[in-house]
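Here is how the chains run, residue by residue.
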Amino acid sequence: MSLLEIDDLVVRYPGRRRGRKFTAVDHVTLDVRPHETVGLVGESGSGKTTIGRAVLGLAPVTSGRIRYDGKEIQSLSRAQRRPLAARIQVVFQDPYTSLNPAMTVEDILSEPLRAAGWTRSTARGRVVELLDQVGLPTGAADRFAREFSGGQRQRVAIARALALEPELVVCDEPVSALDLSTQDRVLQLLVDIQERTGVAYLFVSHDIGVVRHISHRVAVLQQGRLVEFGPCAQVTSRPEHAFTEELLLASPVADPARQRERRALRQAQREHVSTTPMSPITIQRRVP
Amino acid sequence: MVMILLKRLVAAVILLAAVCVVGFVITGIGDGNPARNILGPEATNAQVAAENHRLGVDRPMVEQFGDWISGVASGDLGNSYIGDQPVADKIAANVPVTMSMVALSMMVIAGLSLVLAVASVYGRKSVDRVVQSLAVIGHVLPAYLLALLLLLVFAVKLEAFPVFGYVPLGESPTEWLRSLVLPVLSLTLGSVAGASLQARGSLMDVLEADYVRTLRSRGISGRSLLFRHALRNAAPPWLTSLSLGFVAMLGGAFMVEKVFALPGLGALAVDATAAGDRPVIMGMVLLTGGLVILVNLLVDLAQMWLIPKARTA
Amino acid sequence: MSIEISAQALDAPTRTSTFRLILRNPLSRVGVVLLVLVLCALVAAIIMDWVAPDAPWHADLYHLNEAPGTNGHFLGTDSGGRDVLARLVVATKATMFSGVIALTVAMLLGLPGGLVAGYYGGRVDMVLDWLSSLVMSLPSIVVLLAIVSSLGTSMWISMTALGCMMAPAVFRLLRAQVHAVRNDLYIDAAKVAGLSDTRIIARHVFRVVRGPLVLMVSVMAGVAITVQTGLDFLGLGDATTITWGGMLGEGFAAMSANDILFVWPGLAMAVTVAAFFLIASGARDALQHADGGSSTPARSTATHLKPVPASAQAAAPPGEDEILTVRNLTVGYPSGEDVTEVVRGASLTLRSGHTLGLVGESGSGKTQTAFALLDLLPRQAMLMEGEVWLDGTEILRLAPRERTKRVREAIAYVPQEPMSNLDPTFTIGFQLVEPLRARGIGRAEARERAATLLARMGIRDPERVMRSYPHQISGGMAQRVLIAGAVSTEPRILIADEPTTALDVTVQSEILDLLRGVQEEFGMSIILVSHDLGVIADLCDDVAVMRNGQVVETASAEDFFARPRHEYSRMLLDAVPDENHVRPEYVEAPSPRRSAKTGEIHR
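Residue numbers (our numbering), protein chains in the order written: chain S, 40 to 327; chain W, 3 to 315; chain B, -18 to 584.
Honestly, the hints are just simulated from the structure, not real lab data. Everything numeric in this text was worked out from a predicted model, so none of it was measured. Be careful, since some hints might not be right.
Once the Cα atoms are required to be at most 20 angstroms apart in a straight line, the calculated EDC-like pairs of lysine to aspartate or glutamate come out as [stated by the list, open to error]:
no. : chain 1 : residue 1 : chain 2 : residue 2
1   : W       : Lys159    : B       : Asp240
2   : B       : Lys386    : B       : Glu368
3   : W       : Lys127    : W       : Glu210
4   : B       : Lys74     : S       : Glu111
5   : B       : Lys172    : S       : Asp47
6   : B       : Lys386    : S       : Glu111
7   : W       : Lys311    : B       : Glu398
8   : W       : Lys9      : B       : Glu368
9   : B       : Lys386    : S       : Glu204
10  : W       : Lys9      : B       : Asp110
11  : B       : Lys172    : S       : Glu212
12  : B       : Lys172    : S       : Glu145
13  : B       : Lys172    : S       : Glu206
14  : S       : Lys60     : S       : Glu44
Simulated DEER-style distance windows between Cβ atoms [as the list claims (entries may be wrong)]:
no. : chain 1 : residue 1 : chain 2 : residue 2 : range
15  : W       : Ala13     : B       : Gln361    : 54 to 62 angstroms
16  : B       : Ala183    : W       : Val97     : 43 to 51 angstroms
17  : B       : Val252    : W       : Asp207    : 33 to 41 angstroms
18  : B       : Glu390    : W       : Asp212    : 16 to 24 angstroms
19  : S       : Gln308    : B       : Ala183    : 54 to 62 angstroms
20  : B       : Glu383    : W       : Asp207    : 28 to 36 angstroms
21  : W       : Tyr124    : B       : Arg418    : 22 to 30 angstroms
22  : W       : Ala13     : S       : Thr161    : 30 to 38 angstroms
23  : B       : Glu444    : W       : Asp207    : 49 to 57 angstroms
24  : W       : Leu171    : B       : Glu390    : 32 to 40 angstroms
25  : B       : Ser333    : W       : Val4      : 49 to 57 angstroms
26  : S       : Ser102    : W       : Leu296    : 46 to 54 angstroms
By construction, the Cβ of each residue, glycine as well, lies at the ideal position given by its N, Cα and C atoms.
Using the sequences plus the hints, can you model the full thing?
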């Protein structure tokens, strides 16, 4: 039984000109099971972030269903969604704008707790616990978010997401604003937390290397459509779809010799594509 | 592009119409008995009623407004309650003074604020200090107080400028300018700092922009960077602050006119207010509201000309 | 896991009360003193009303226009023989009162309106915004006169009207501020955390707007007081109340007999307005400081490199095949009394016709090094030490003008963010032609060369792109334009600062191919600044690793990726997500797998 089921989801935004709408998510169907990580990978404009936002109730659902634990949540009002705050949480990309710079870490971490009706003193205890869980010293509670580095801020953001012990955390590019070494540690932290608490992740990223590292299953998106969804090993090493392969070959690896091979392969493939009258990408894009 | 212009124009006309409605309502919420003001306390009630009927103020407000607006459409602003003179004539007689003063002041502010901003960006600490002190003066001394001080020092004590009066431009351009030096000075001294700080701020932002660095890497000279690229990009906020300054200046101008005894719109407006002369006041509302809307429209156009992206919005 | 916590972050000062911060500011202190003075006058006015209500009205017809200090009149008497000081003190009450009315009305209308319009946007926003532009199209003086003409001279009414006229300013300020933060992710996070809108506005949004609001309130208090005084000065105030404006009018009328009479009410008003303004300025600076903003923006208007002291022994010129050699480069920025060094003794070699990768994490000094080589350091930067040999000439010891000339001839720059590096107000064509024109190339030839280059960069319709403005093209296209611009001046060296970081991987691979092709075609040498080891592996022959302003390792790309010598290099390479590590599907039971082609679920 899946924890989260996204069924034939469509999200359209009003376009720049009147009457023309921009389709951000185009009939996407996928699911997340308890305790697992599903990676959503794609380029800018692929709709990966919008799917995450739709699950969180931050993007308008045009049609389709989002079921959480068997119950439909796509058309709930803000007030009706409130109980879900304890079950679905979020870690955003930019740790600089996702934490209010004028609030202390304790204020930030106790916010979801207080909203859920915790008293100040019990919340305080939980904050200490959370800081420990994400590897920050207890003293951090009284500091302002702006006093921390990017990696530390992202730890605070993760701690906030974990505050109410959710079953699902939507991670929207959680490491793409971080340095390589910090990125590695934050990813490891996410994996550790998952192994300890059994939380499920919907992990959105443009970086297929990162997605491969953390995901059990991977969904590949292109221009709002789902092109491929399957186990991580299969999608990232034996992709069925040409676009997935293009994505894999385009992302460079830290090895000059192998990178040369991949480049040759990629260029050969592009020759092939440009000589074929209609590119296989356009043909295979039609996924229900 | 043409569509956007047309849209702006239509919006401006609607806004002007709304301004007229608001003006008409405000001037009409009183007791609506101008005849008593005109005829004085000795007149009989019957005389007052007859006069009110002659002026048409005993009719419903909507009807009066319809009359007035259709008159405006055909270029007739109605007649003043006092002396029965056409409002348009009265205003036309007083407009040149106020407009000379305001137009000159705006030019001084625009030019001076740009010069000060550029000088301050290019590292003259003393300019910064001058602008900062001017800003304090601008906030603390309103135009009429400055005018009083200038009058006392230059006109009364030093006798360097005419104390009172206005010489039309057609009569003697030099005397015209001389009669406006002190009024313009009192209107600009405080406002120039605000515009200059605005220009300085946005110029600093632009000069720190990535594309300025890239242009420099291509070997574009400092002068070209400043005059061709930076000033153009920095202009919109500065223009907006100028247009806001223009609205604020009208108020200051009325009071400065009183200090220097200039026969401008201020004198007309104050007299009309004291007498409850509604047609004249409505004429003023139409004129000043129209001016403000026109200036805003021009600023919009200027921004569209400067910033291509604004043309699509 | 606390290695990321720097000692500095933990020693940083925490909360200081805002009030104390404001008091620390010298401007505010003067303001507070003035405000206390005004408040004393207010208290005195209230007491006087109660003890001696007739004092300000008492006319001494034998002592008109007395000079200050005579006959027990501390500030003299006015043209009616009344005591100036007494009237001045009593008038404080009316003035402060008028300010309070106007401010209250402005806040009551503008505050909720601005918050709601900014937060929700949409139709509410449109209606309120239109209303505010309507009010702003009415010059307040004319409206006030109209109101006085129909409703009389009551201060209550005119100040309420003034409050309405000022409300749009509050509305606009709040709306803009809220708009700016409305899409910030912390607002979204609060929504996900289950906070109600009211609570989000109160907790998050209001915190952001309170600083600018404080400033605006005190500026508006000043405006209200000056407008009210001005109305009375025009003679349209309430004649039964003593006000500074009324006194100003009397002083003006009596100027020929008593030329300093108007100075006293003027001074009283100026002091009051100054008190508010100074406190506000101080408060803004203090709040800005507390919110982490800097009150003095960094200047970077012209690049003037500080001359480097000629070293005692002239160092030997580098080898022939080294087109650019950097030795012991140190760049610093003044911070208070000290200098913070961002590049510390960096040494690099760019071989002719090769690509050098400059690798490092944020804050490693790699971009500062690149800017130093490009002669693009901000004005306050200091070149403290080092040599830069360009084509066999040491350029740091040349006169600034000469150095800039040589650098511009030889080295071109490809920036990181394609969109922000094009001037939004000029067409692409203009921006490509301008540098060529600056080098004395004719207009037609320059246009043609630009078009040819764009075509070379893989742009299909160069003429159309040349006519476009930057906002009309995509990021990948903009980066091609920037590379064309860099190449157009036929440089021998290209310095590319994270040229693909802002792009999608598929576009990134095309841009990397383009850079490689351009290098072969034009025989250029490239310095590629990047944090992405994959990008470095793709393009570079040599690698230099930077950390904390120092170059910790220089090696050929082969050696660096196969046998990193420095501990930090090894750490970086280890941090690259391992390709061979793949997590298996979580569920033990055979899992449903969805085919991309059919959408059916296979079991």
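Each hint tested on the structure:
1. Lys159/W <-> Asp240/B: holds (10 angstroms)
2. Lys386/B <-> Glu368/B: Roughly 17 angstroms between the alpha carbons, so the hint for Lys386/B and Glu368/B holds.
3. Lys127/W <-> Glu210/W: holds (19 angstroms)
4. Lys74/B <-> Glu111/S: violated (63 angstroms)
5. Lys172/B <-> Asp47/S: This hinted pair is violated, its Cα atoms lying about 25 angstroms apart.
6. Lys386/B <-> Glu111/S: Answer violated: Lys386/B to Glu111/S is near 67 angstroms, above 20 angstroms.
7. Lys311/W <-> Glu398/B: Judged against 20 angstroms, a Cα distance of about 18 angstroms means the pair holds.
8. Lys9/W <-> Glu368/B: violated (60 angstroms)
9. Lys386/B <-> Glu204/S: Measuring from Cα to Cα gives roughly 62 angstroms; hence the hint is violated.
10. Lys9/W <-> Asp110/B: holds (17 angstroms)
11. Lys172/B <-> Glu212/S: holds (19 angstroms)
12. Lys172/B <-> Glu145/S: holds (18 angstroms)
13. Lys172/B <-> Glu206/S: Judged against 20 angstroms, a Cα distance of about 18 angstroms means the pair holds.
14. Lys60/S <-> Glu44/S: violated (25 angstroms)
15. Ala13/W <-> Gln361/B: 54 to 62 angstroms: violated (46 angstroms)
16. Ala183/B <-> Val97/W: 43 to 51 angstroms: holds (50 angstroms)
17. Val252/B <-> Asp207/W: 33 to 41 angstroms: At roughly 35 angstroms between Cβ atoms, Asp207/W and Val252/B fall inside 33 to 41 angstroms, so the hint holds.
18. Glu390/B <-> Asp212/W: 16 to 24 angstroms: holds (22 angstroms)
19. Gln308/S <-> Ala183/B: 54 to 62 angstroms: For Gln308/S and Ala183/B the Cβ distance comes to about 56 angstroms; the hint holds.
20. Glu383/B <-> Asp207/W: 28 to 36 angstroms: Because 31 angstroms falls inside the window, the suggested range holds.
21. Tyr124/W <-> Arg418/B: 22 to 30 angstroms: For Tyr124/W and Arg418/B the Cβ distance comes to about 24 angstroms; the hint holds.
22. Ala13/W <-> Thr161/S: 30 to 38 angstroms: Once the Cβ atoms are compared, 55 angstroms apart, the range 30 to 38 angstroms for Thr161/S and Ala13/W is violated.
23. Glu444/B <-> Asp207/W: 49 to 57 angstroms: violated (33 angstroms)
24. Leu171/W <-> Glu390/B: 32 to 40 angstroms: violated (55 angstroms)
25. Ser333/B <-> Val4/W: 49 to 57 angstroms: holds (55 angstroms)
26. Ser102/S <-> Leu296/W: 46 to 54 angstroms: For Leu296/W against Ser102/S, whose Cβ atoms are near 48 angstroms apart, the range 46 to 54 angstroms holds.
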